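Read off the chains here:
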Amino acid sequence: MNLTETPEERTFRAEVQAWMAAHLTGEFAALRGCHGPGEERFDAALAKRWEQELATAGWVGIGWPQAAGGAGLPLGKQIIFHEEYVRAGGPGRLGHIGEQLFAPTLIDFGTPAQQARFLPGIRAGREYWAQGYSEPNAGSDLANVRTRARLDVERGEWVIDGQKVWTSWAQEADWIFVLARTEEGSQRHHGLSLLLVPLHQPGVTVRPIRQMTGGAEFNEVFFDGARTEGSLHLGPVGEGWKVAMALLGYERGVSTLGQQAQFRHELDLVIAAARANGAAQDPVLRQRIADAALRLATLRFHALRVLGAGGASHAAYTAKYAWSNWRRDLGQLAADVLGRAGDVVRADDAARTRLQQVWLSSRADTIYAGTNEIQLNLIAERALGMPREERKGP
Amino acid sequence: MNLTETPEERTFRAEVQAWMAAHLTGEFAALRGCHGPGEERFDAALAKRWEQELATAGWVGIGWPQAAGGAGLPLGKQIIFHEEYVRAGGPGRLGHIGEQLFAPTLIDFGTPAQQARFLPGIRAGREYWAQGYSEPNAGSDLANVRTRARLDVERGEWVIDGQKVWTSWAQEADWIFVLARTEEGSQRHHGLSLLLVPLHQPGVTVRPIRQMTGGAEFNEVFFDGARTEGSLHLGPVGEGWKVAMALLGYERGVSTLGQQAQFRHELDLVIAAARANGAAQDPVLRQRIADAALRLATLRFHALRVLGAGGASHAAYTAKYAWSNWRRDLGQLAADVLGRAGDVVRADDAARTRLQQVWLSSRADTIYAGTNEIQLNLIAERALGMPREERKGP
Amino acid sequence: MDLALDDDQQAIAQAAADFLAEACAAPAMRAAADSADGMDRALWQGIVEQGWCAVAAPEAEGGLGLGEVGLALLAEQLGRHLAGVPFFESAIEAAALLRACGNPEPALLAGVASGAVLVLAAHATHADASTTPAGDWRLDGTWPQVPGAAWADNFLLLIEGESPRLFWVPAPELAVEPLAMIDTTRRSASVHAHAVHVPATALLAEGAALRTALVHARGLAAIALAAEQVGVAQQCLDLTLAYAAQRMQFGRPIASFQAVKHRCAQMLVAIESARSAVYGAAAVADAAPEATTLSFHAAEAWCAACDAVRYAAQEAIQLHGGVGYTWEVDVQRYFKRAQANRVRGGDPSTWRERVAAQLLDAAP
Amino acid sequence: MDLALDDDQQAIAQAAADFLAEACAAPAMRAAADSADGMDRALWQGIVEQGWCAVAAPEAEGGLGLGEVGLALLAEQLGRHLAGVPFFESAIEAAALLRACGNPEPALLAGVASGAVLVLAAHATHADASTTPAGDWRLDGTWPQVPGAAWADNFLLLIEGESPRLFWVPAPELAVEPLAMIDTTRRSASVHAHAVHVPATALLAEGAALRTALVHARGLAAIALAAEQVGVAQQCLDLTLAYAAQRMQFGRPIASFQAVKHRCAQMLVAIESARSAVYGAAAVADAAPEATTLSFHAAEAWCAACDAVRYAAQEAIQLHGGVGYTWEVDVQRYFKRAQANRVRGGDPSTWRERVAAQLLDAAP
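Protein chains in written order, with my numbering: chain X, 1 to 394; chain S, 395 to 788; chain U, 789 to 1152; chain L, 1153 to 1516.
Think of the hints as simulated: they come from the structure by calculation, not from any bench.
Everything numeric in this text was worked out from a predicted model, so none of it was measured.
Positions of the beta carbon are idealized from the N, C-alpha and C atoms, including for glycine.
Warning: the hint list may mix true and false statements.
Not close to chain L: a few residues of chain X, all C-beta gaps over 10 Å, as computed [said to hold, decoys possible]: (1) Cys34; (2) Gly36; (3) Pro65; (4) Arg126; (5) Leu142; (6) Pro236; (7) Met245; (8) Arg286; (9) Phe301; (10) Gly308; (11) Thr318; (12) Glu373; (13) Ile379; (14) Ala380.
Derived, one-sided and incomplete: chain L residues facing chain U with beta-carbon distance under 10 Å [what the hints assert, rightly or not]: (15) Arg1399; (16) Pro1405; (17) Phe1409; (18) Gln1410; (19) Val1412; (20) His1414.
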């Protein structure tokens, strides 16, 4: 157990701070604090140039092994990078799904040819990925996959038909990894494969979903005879479920520390708003603000405990439920601190607009990547060993 | 909708107040504020004399029809009686189960002979009843009845074997109504009968259960070849379930208004303690105290709405969950207001002792008469029409 | 003592439910919410024609004589449909204040009854009234966020300060600037007065009398807005029940999962409690209570309703899953309205603190 | 940066768990709780022999060198077993204050390490210290509720006031009167000093230096008491899981009901969060932080642990159903201890308000 930074870590932290200060300027200053696609002021072309700026400096793939073209940084430094990136106002990372979720899975499960083909594009900030798991009638029931793919033996290509939903940022991505049923008549998590499919082709339609925030970060993706090369399955054909689940494991990874730095920024905005409008004098809001600050500090300790060597296995299961409900509470707190003014949209008030977005967008946190209900089932069944929920029918 | 009392009601209220002031004196003053058996200072013989004092004045059976020996008072006056009884410090009613639960059921389902035999004893405050429903391995699953009764044809008597549990005040009762399986091999709620059984006989053993309060209000009752007359089944043999459930319906009756007057007294003690020890200056405790007062007022409105003509059917289902959780919160509030001093037992400090009892005893409220979990199931299934919980096995 | 609805009350509640089910079904509600100014004028006309704006007034004055209970029943149904009409602003909030002031302008109240929209402008950032040599008043000020202002025919302008004053001003005298809202089902606008001259009769109340009237009207408005919150909460539950019954997950309707059932049940507990609080408080208000009694029961209704709707709207989104987060599903509109109402009526903690002062600070 | 337990830490936690599973199993715990004075002397002897009372001290001073983290790990296990020993009082609370004062009496600290029980008496109803012509101090006062007092060999007497003073006094000099407790697993007694004379060296600290020491020691004590609360909460969960697995209702183990599963899962969320808060805060404390940092993280650990144990104890009773309300089942003892600890460490709202002042009132 060690919360003290080594001298080397302190130097590294200063290095990241300096780099961000020097580079998140000029045209990139417009990206400061941007969340990502779906936001009105988000400039996707600029965000891609920013990804390339990061890549050139070697900040993409810092956690990948060196053999895979990464920097192979130890955990402590990765944490520092993510924290300082967000602290400096670094925008939402268009490359996140490719770099943080897809690439580690590719390194674990991909063929050398697949790795050679895809890792460099991700590492260079030139190719962007989307995740095709959820389906409209499946929701939390991920194994209920109806998207199907058959091998067109003649052309050596997979032909995909179906629909995915809740695909973040697909409107800006180049590729999508699709969990598809490749064995006709198979049930549940059997007979699935994880296929790598180019998005820019006639058989694919991406339609943004308007959210309660007014923006459209998520999309529906329709596959209507979409095609990809026969070799582009990640892991063996028919064993896509295992690979898909392994990929989900990386969602709980080190980037959660960066997410927490973003949360800290949001809390700071709440505190500033409360000080400005007098809400800071209200004893009940004071309790809630203090509680938010204390629980956020605990999210960080919790992540450090889970990520640490020999990390606590029970604790790993509770992290998502804890942070998503923390943020939902923060969103409600933001709205309550804003008070009457929170109901009025003022484009010229960036702090207020951001807090309104925090309030509304936080409602997604307890739903995506496993709803509260799914999380509690997982905790009860896997961490506590309680009986499994019964499923009916096939 | 009418919250204004009629002149007649006002007169009646004054009458009850005056009677209580005149009669809860002398030897009965010792009963003031007593809850009931299980309390150290509770004097059962005195409490029975008090029941007879009430009976003599005509306060027992005020809600029964006149034909059954009752006063047939309208709802408004019944409410007023129960409220003023508690406000005056009237002790827990040893006759409650007989008068409020058993008698109405007897009037609805009993034979004329049964009514003639039992109603006068209850009406006179001379015979006391206990309720034999729950069993040790059944808990909330009331239909899981293992106590069995067979008819000894020769002697024309039921012979009962089995065990009941959580029988309030059985140590002071004369009779018990027992839900027993009278049809061998029957399942669940089939083949049950509601038998009326004298407690004072060799085949019956009553053993108090020590509670977390230290007292023993509840008992285990063992039937080991216990006997009762063959005619003493309430409702038809084999149809005891229907009668037993009808009886439970009277638990939601008008006496809840009296219960609320008791809650009000407890809240007043909390308020007095907070004013005395400075807790009343704490902004968070102030919120909680105000919340308790507001929600208690709502419990009363809710009961008046449910009891009123054409009362709200949905609302009836939610009452028990609402009041039991209100009281559990009040108990926690009492402990928090007492603070450090709440951990010390001081027999000479009646108010503190009472608040400690409120804290601990309130933990039973969300368990007995249908746990929180059972209540929520009932609300979901009966009020909202959601699918029924699956049961496994027989 | 009885809090069940009597026949007249049941009749108006049912009539309102039936009328709004037709006149303000979801497509009409969405159309109004997404329209330029948010008001459904056809609906408003229908409401006026049914006499709802005079539901509380005594029958002798041409009203329906259903008092605060009648207002609460209508507000509940309007909340359930997020109706884009200024019923709360005009027939409840402004009318309550006008009555509480002693109503020196009968035409104004009659106007409200016949659908002329009267709106209370409060919370000025700065505002001032001064007499002129001609005996008129000159009014200046900015009221930056006034709900319903863009739909107003007349305003009640509240000028706070050591001695507060309340003026009646026709809308054309003022500059009204609509605002972009998060909750588009009820719009606010900023209201500006610049050297507006009104006659002496436009001063409706001032000083201590006005303060008393404001507290009284605040209580009545809170009860009615609480009723609206109950309607919003009920619709959140009903939408959720309908969705949960048909949405299949893991081969079962999600309504069959105990966690879903219990949360819906807890929504009902909160809603039915809040409904009892609102009906009870409205009945108390109709019995001409003392100020502290009205204030206590207004707090009761308001806190219960805000708690219920916060929980119901939260769970409605949550139990709808991903689609609950989308624009297309109506729960988001109910969620936003619940919060807009809450901050409008004042945080429940503020109301609870008022009650705490009654219970804990007064001489015992 | 890493908050996983290292090998030494895992070893002591495991050793403590194993030792207490044997030496303080449920029957022994109940026997101590139901005994005349509540102390399990054999257990205390075992604990002293294992060196736990010096777990935090540097190895150079004969300790185990495991710091605040080591104390927290032991406190967690002791809480889990409701051990009837003055470990918290002596080795944590009093020792922390003694160290924070600069420890002018090394024998006292050595005594603590070897099992002589040192107890802090605070919250006097009245207390006074005056110098005598002989250069001694005369002490008078009443400390009405001092946890562990009946087991003390020595006392630290805190005399609050404009300039607070802390004295060291051997127990035989004082009148100690045991109290009847709700939580019988940790007894308090009232402590009276009547014209007690102590030498000048008995004054350990005073004034501003003592104030600073008290705040520091309060932070360390809160972290360790939070660890105890985590242990209490964990045992509530474990007892509940065991019961739910075997208790049949409606033909199924109640552990198979989703409502039961979700509540147990939420208990685990709260407990694991609190454990992270406690371990993190203890690690911070070991890194010699600034006063505001220690105070923040102590609040973090304390609030998280009190929230977790309140929920866990509540649900443990609830999910045990009727038997959860009986004396025979241990959950009631854990429930009572959780509340006794809570009021002892100070209501979480008080700690949160301190944090709010840091965040909201300081110049930005």
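Structure-based check of all given hints:
no., hint, in the structure
1, Cys34, "holds, 25 Å"
2, Gly36, "holds, 27 Å"
3, Pro65, "holds, 20 Å"
4, Arg126, "holds, 32 Å"
5, Leu142, "holds, 19 Å"
6, Pro236, "holds, 34 Å"
7, Met245, "holds, 20 Å"
8, Arg286, "violated, 4 Å"
9, Phe301, "violated, 3 Å"
10, Gly308, "violated, 3 Å"
11, Thr318, "violated, 4 Å"
12, Glu373, "violated, 8 Å"
13, Ile379, "violated, 4 Å"
14, Ala380, "violated, 4 Å"
15, Arg1399, "violated, 16 Å"
16, Pro1405, "violated, 14 Å"
17, Phe1409, "holds, 6 Å"
18, Gln1410, "holds, 4 Å"
19, Val1412, "holds, 9 Å"
20, His1414, "holds, 5 Å"
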